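Undergrad: Using the hints, position chain B against chain A.
Protein chains: 2
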Amino acid sequence: MGAFLACDWGTTHLRAWVVEAGGAVRAGRTFPLGVARLQPGEAPTRLRDEVRPALGAEALPAVLCGMIGSNLGWIQVPYLDCPVDAAGFAAAMHPAPDSEPPAWIAPGLRGPGPTAAPEVLRGEETQVFGWLAQDPARTIGTRLLCLPGTHAKWVLVEDGAVVRFVTAMTGELFEVLSRHSVLRNDASVDDWQAFAAGVEAAGDGGGLAARLFSARSRVVGAGAPAAETASYLSGLLIGAEIASVPRLLNAAAPGPIALIGEPSLCGWYSKAIEQVGLTALTYDGGEAVLAGLIALNAYRIA
Amino acid sequence: MGAFLACDWGTTHLRAWVVEAGGAVRAGRTFPLGVARLQPGEAPTRLRDEVRPALGAEALPAVLCGMIGSNLGWIQVPYLDCPVDAAGFAAAMHPAPDSEPPAWIAPGLRGPGPTAAPEVLRGEETQVFGWLAQDPARTIGTRLLCLPGTHAKWVLVEDGAVVRFVTAMTGELFEVLSRHSVLRNDASVDDWQAFAAGVEAAGDGGGLAARLFSARSRVVGAGAPAAETASYLSGLLIGAEIASVPRLLNAAAPGPIALIGEPSLCGWYSKAIEQVGLTALTYDGGEAVLAGLIALNAYRIA
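Same order as they appear, the protein sequences are chains A and B.
Quick note: the first sequence, position 168, residue 168 per the numbering used here, numbers continuous.
Quick note: the second sequence, position 242, residue 242 per the numbering used here, numbers continuous.
The following block holds chain A by itself, in its conformation from the complex (with noise of 0.2 Å):
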């Protein structure tokens, strides 16, 4: 396998690695150029002006994931239809036009959701298929994974195969009510017992937009400190979406649920998966789509 350069490049940042022909990292830094700050047909320039420069990796090809392949991105690479394996996977990645030296854009998937419309997805597919490559064994049986996060995937692996998802905005409702509703709060999660508080509020996940209100009335009604508002609200988002979405996959936790994050957020997971009575094992999301893009990497020049 050769070296290369790799890119996780998502909405708000670019993270890339250089990864030496053996395998080992080289060099890795974090650039402030998610696509959403990007002007429309910038991202090639960005990349050969800035990244491959700052990284010495002026003359390494090049594998992208995230939302660089999106209508906001380098360009469109389409969905990949459910049931799809790392090397369907890879066999997908779309070659970046004007790039020399070359560079592969890994599409998105789409799948079964809860509603009539599809799910999608853009990058935290590469996190799975790194997780996957990491220990080969977790590659036969059924495997549910949970990827916290602004918008949080649920993946369900038959096989070494993504069969499913279900994508939750937990993070993005905890963003905005924390910011602009009644539940307005300093955001700061901090208080281990009134995250068990909203958990426990959480109950079965059904009703949510009136489980919300308690986070306000146990204020007003009851007395509870304000200053717990966050820690409180935090909880009961992420309680709700334990309580309710492996049903909306119909998937029984086969074994211990992959957390596959930000290390702090997925403490705050583990705790409250732990609080309902299952189980989660936490590994890092950087780690993860590092071992995505190596994964991919191989596949393309096998």
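Read the hints as simulated data drawn from the structure, not as lab findings.
Possibly wrong hints are sitting among the right ones.
Residues on chain A that point at chain B, a partial pick, calculated with CB under 8 Å [unchecked claim]:
#  : residue
1  : E50
2  : P118
3  : G149
4  : H151
5  : G207
6  : A209
7  : R211
8  : S214
9  : L278
10 : A280
Note that the coordinates shown come from a computational prediction; the quantities given were computed from them, not determined experimentally.
Ideal Cβ placement from N, Cα and C applies to all residues, glycine included.
TA: Frame of chain A; chain B shown alone:
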């Protein structure tokens, strides 16, 4: 019964009516004097110097309901615990300090909710008591009422008493998601077909954070027009409320759901209720609160 000044004094507006001794309404007017717009301590002078002269009501006693009885209003009148009927509610009205002629401020209600936190409301109870007063037959048996709005209230009434209620933050969720999230839209709900698709997508109301994402994925993953997003999102949120909130109240609708509120919003609720196989009857919220204030005044001087 004597002539009086009836005031529904809420967060954003004050609606006032002069009611003659025989019960006829002589004048009515809305003032931009909601408690959220008042300086602390300002309520009595605004009532005396602006509202009373505008309606020729300088000499009348007044009955006030709504957020004017909260800590943002004139004086904080404690919540009454359910069950509460109209007579008990009227007896708990609080004489307003520093008011000549006299004014009485209604309390709010508190009851058990779907979480460990109590449920609270302030103002909607007067619409409920007004609706009951409009037809004494309504005080017999079990009734399920829905008052749509920023914070929709679902109220269970047994033999004329409010026994419990639930608040759904449906209107506020629509607002903050339409303005500040990836589901950003022009907030014009005008497409019956997209609305109905949203109601359908709400399913049993569980997994709301996941179902919400379909408002995005149907556009990016299935080519639905972005212009439908407001209507679809409204249907999804209202559909989820209707599917899940009555269950939180342990209330199988014993007959038609009584929808009390702004006629156009009630029209959308009515459409969604019919779509899921239930029935609703719609009543004007302004008429209901006025009838409630008249009933409270009658109890006061009885």
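Undergrad: Confirm or reject each hint.
TA: Taking the hints in turn, this is what the structure says about them:
1. With a cut of 8 Å, the hint placing E50 (chain A) at the interface with chain B is violated, because the nearest CB-to-CB distance is about 27 Å.
2. The interface hint given for P118 (chain A) holds, since its Cβ lies 4 Å from the closest Cβ of chain B, which is under the 8 Å cut-off.
3. Proximity of G149 (chain A) to chain B is violated relative to the hint, the smallest CB-CB distance being about 12 Å (cut-off 8 Å).
4. At a threshold of 8 Å, the smallest CB-CB gap from H151 (chain A) to chain B is about 7 Å, leaving the interface hint in force.
5. With 8 Å as the threshold, the beta carbon of G207 (chain A) comes within range of chain B, its nearest partner Cβ sitting at about 4 Å, so the hint holds.
6. A cut of 8 Å between beta carbons decides the hint on A209 (chain A): the least distance to chain B is about 4 Å, and the hint holds.
7. Against a cut-off of 8 Å between C-beta atoms, the interface hint on R211 (chain A) holds, since the closest Cβ of chain B lies about 6 Å away.
8. Taken as an interface hint, S214 (chain A) checks out: its beta carbon lies about 4 Å from the nearest beta carbon of chain B, inside 8 Å.
9. Given the 8 Å rule on beta carbons, the hint for L278 (chain A) is violated: about 16 Å separates it from the nearest Cβ of chain B.
10. Nearest Cβ of chain B to the Cβ of A280 (chain A): about 18 Å, over the 8 Å cut. The hint is violated.
Violated hints, listed in ascending order, are 1, 3, 9, 10; each of the other numbered hints is respected by the structure.
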